[in-house]
Amino acid sequence: MAESPTREELGAYVDETAKRVGLPIAPEHRPGVIQFTGVLLASAALVMEFPLPDDVEPAPVFRP
Amino acid sequence: MSPAMPRADYVASDGLGLAAAVRAGRVSARAVTDAALAQIAARGPAVNAFTTVLAEQARADADRVDAAIAAGRDAGPLAGLPFAVKDLFDVAGITTLAGSKINRERPPAARDAAAVAALRRAGAVLLGALNMDEYAYGFTTENSHYGPVRNPHDPTRVAGGSSGGSGAAVGAGLVPLTLGSDTNGSVRVPASLCGVFGLKPTYGRVSRAGSTLFAGSFDHVGALGRSVRDVTAALDLMQGPDPEDPVCSTRPAEPCLPLLGDGVDGLRIAILDGHFARGGEPEAFAAVGQVAAALGVSRRVTIPEAHRARAAAMVITASEGANAHLADLKRRPQDFDPLTRDRFLAGALVPAAVYVQAQRFRAWYRAAVADLFGTVDVLLAPTTPCPAPRIGQDRIVLDGVEVLIRPNLGVYTQPLSFIGLPVLSVPVTRPGALPLGVQLVGAPFREAHVLRVGALLEAKGVVAAAVSA
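Protein chains in written order, with the numbering used here: chain Y, 1 to 64; chain B, 65 to 533.
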């Protein structure tokens with residue numbers, strides 16, 4: 001999904017992923033969810049395209 | 065029974081000024097509290113800042129302060145200081161709404177949040193709970209359940225968010241000090257748009273125990289107030305380790321109030337360039353210029369990849385926020401505010417690979433910014449790209465590009481809270497114009513640096529709270 005997806009592709013992504021996580025999306029909410037998914041996936045593309053060194057760990061630290 | 069406090073005297077003073085008058089016996093805490101309640105009754109409905117006013121409890125607390133003073137006991141550094149808190153801090157005896165309809169079904173909180181308790185122990189009098197964006201997901205506080213918070217300086221405009229009630233309550237002179245929370249800018253944006261001081265301490269500096277989290281990776285407790293010393297006093301009382309908040313730092317408290325008069329000699333200050341110098345209205349950059357000129361600063365530095373930091377902040381916020389409410393999103397999405405619901409639903413669909421990569425990028429970015437702080441102590445940046453937009457306004461033209469206004473209010477705040485830097489938003493003096501803030505940004509756990517700069521600017525009259533009482 002790194003290339004700008006079409007609205008149809010976003011709709012298909014929303015429908016499929018929502019099904020996988022067991023999240024019903026009412027028809028009246030679907031256009032808004034598709035719009036914000038587009039915004040989020042555009043942000044995601046900016047994150048994913050950045051070349052990170054292998055030794056960078058995620059920021060949160062768990063202390064047992 | 066001391067005489068009533070004139071409204072003009074009440075709204076003219078900052079919080080510590082009121083506390084000093086109470087401690088010195090010039091006015092009773094009860095008279096200050098009654099003045100606060102009168103101001104809330106007179107001016108409150110126009111700004112819609114409060115969701116709950118605790119009149120009876122406040123009067124009882126004030127009477128206890130007065131009794132302590134009458135008995136010769138120390139009533140605390142904030143004796144009789146009226147304050148109010150964003151409605152996501154637990155307050156014993158009332159239900160924490162977090163701006164939602166859903167949480168109305170929850171029982172009242174059993175005890176005060178740690179930050180609330182710290183201020184009450186110091187003698188401050190809690191006046192009530194403040195309106196906010198639902199579950200803190202927004203920058204405008206156009207809350208569909210409780211109504212929009214209106215800007216004290218123009219009721220057709222927003223107060224900012226998500227701590228909109230916290231900004232408007234100070235800007236309308238209802239109370240001189242409020243607590244808010246800041247995940248992506250939710251203390252600093254309303255501080256900028258309402259013309260008040262807003263302090264977001266370092267991530268982990270202040271305990272979040274007893275507050276409703278939004279996105280735990282970025283959630284901070286902060287303060288909004290009439291003066292630099294007001295928000296500093298609040299910080300000093302709230303900061304320090306707390307085992308009840310797993311991200312609260314074990315670093316000992318470092319009081320800042322005694323350092324406010326130290327000036328800025330020896331501090332290396334620079335203007336943030338790049339991301340922080342584009343995408344805003346000229347007056348936002350002019351406000352930064354006013355502050356820089358007063359400090360004699362012309363050096364410019366750049367934080368690398370700040371736009372990407374903002375993108376990563378959005379991904380992490382949406383993912384964590386959606387997960388926090390997943391059960392309700394599945395069961396009763398119709399009960400969410402339409403302004404937050406679709407964003408929460410979309411946040412539940414972010415792939416794990418993206419979330420983890422964003423958290424790794426956060427570590428990379430933290431290291432890059434730490435390098436920059438080897439050569440500079442305080443950074444200057446606009447708080448918001450524009451003054452308060454109109455309630456209901458969707459779009460704005462910034463730098464010649466039409467953009468959605470609501471997410472863009474955080475364009476300069478998100479890349480800084482992303483790595484938990486301490487920031488003070490200062491209200492730049494702009495007679496006749498709507499308020500605008502400038503961010504003073506410090507290295508982690510260097511709140512004292514930004515507060516010293518803020519105090520100097522305040523003493524010079526370059527920044528001052530704009531109160532429309």
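A couple of the hints might just be wrong.
[Said to hold, decoys possible] Chain Y is nowhere near these chain B residues, computed Cβ spacing over 10 angstroms in every case:
{"hint": "1", "residue": "Val75"}
{"hint": "2", "residue": "Ile133"}
{"hint": "3", "residue": "Ala358"}
{"hint": "4", "residue": "Arg372"}
{"hint": "5", "residue": "Leu409"}
{"hint": "6", "residue": "Ala412"}
{"hint": "7", "residue": "Val420"}
{"hint": "8", "residue": "Ile469"}
{"hint": "9", "residue": "Ala507"}
[Claimed, not checked] So, partial list: chain B residues that the calculated Cβ filter (under 8 angstroms) puts toward chain Y:
{"hint": "10", "residue": "Val414"}
{"hint": "11", "residue": "Ala422"}
{"hint": "12", "residue": "Gln457"}
[To be verified] Calculated cross-link-like contacts (lysine-lysine; reagent style DSS-like; alpha-carbon spacing at most 30 angstroms):
{"hint": "13", "chain 1": "B", "residue 1": "Lys394", "chain 2": "Y", "residue 2": "Lys19"}
{"hint": "14", "chain 1": "B", "residue 1": "Lys394", "chain 2": "B", "residue 2": "Lys165"}
{"hint": "15", "chain 1": "B", "residue 1": "Lys524", "chain 2": "Y", "residue 2": "Lys19"}
Because the hints were derived from the structure by calculation, they are not lab data.
Quick caveat, the model's predicted, so the values are computed rather than measured.
Ideal Cβ placement from N, Cα and C applies to all residues, glycine included.
Hint check:
1. With a least CB separation of 41 angstroms from chain Y, Val75 of chain B remains clear of the 10 angstroms interface cut-off, as annotated.
2. Distance to chain Y confirms Ile133 of chain B as a non-interface residue, since its nearest Cβ pair spans about 44 angstroms, more than 10 angstroms.
3. For Ala358 of chain B, the shortest C-beta to C-beta distance to chain Y comes to about 35 angstroms, beyond the 10 angstroms cut-off, and the non-interface label holds.
4. For Arg372 of chain B, the shortest C-beta to C-beta distance to chain Y comes to about 5 angstroms, within the 10 angstroms cut-off, and the non-interface label is violated.
5. Interface exclusion of Leu409 of chain B from chain Y breaks down, the closest Cβ pair being 5 angstroms apart, not more than 10 angstroms.
6. With a least CB separation of 5 angstroms from chain Y, Ala412 of chain B falls inside the 10 angstroms interface cut-off, contrary to its annotation.
7. A Cβ of chain Y approaches the Cβ of Val420 of chain B within 10 angstroms, the least distance being about 6 angstroms, so the stated non-interface status is violated.
8. Distance to chain Y confirms Ile469 of chain B as a non-interface residue, since its nearest Cβ pair spans about 14 angstroms, more than 10 angstroms.
9. The claim that Ala507 of chain B lies off the interface holds: its Cβ sits roughly 17 angstroms from the closest Cβ of chain Y, which is beyond the 10 angstroms cut-off.
10. Interface restraint check: Val414 of chain B against chain Y, minimum CB-CB distance 6 angstroms, threshold 8 angstroms, status holds.
11. With 8 angstroms as the threshold, the beta carbon of Ala422 of chain B comes within range of chain Y, its nearest partner Cβ sitting at about 5 angstroms, so the hint holds.
12. With a least beta-carbon distance of about 18 angstroms to chain Y, the hint placing Gln457 of chain B at the interface is violated under the 8 angstroms criterion.
13. About 11 angstroms separates the Cα atoms of Lys394 of chain B and Lys19 of chain Y, which keeps this hinted pair within 30 angstroms; it holds.
14. A C-alpha spacing of about 16 angstroms is found between Lys394 of chain B and Lys165 of chain B, which places the hinted pair at or below 30 angstroms, so the restraint holds.
15. For a cut-off of 30 angstroms, the pair hint linking Lys524 of chain B to Lys19 of chain Y is broken: about 59 angstroms separates their Cα positions.
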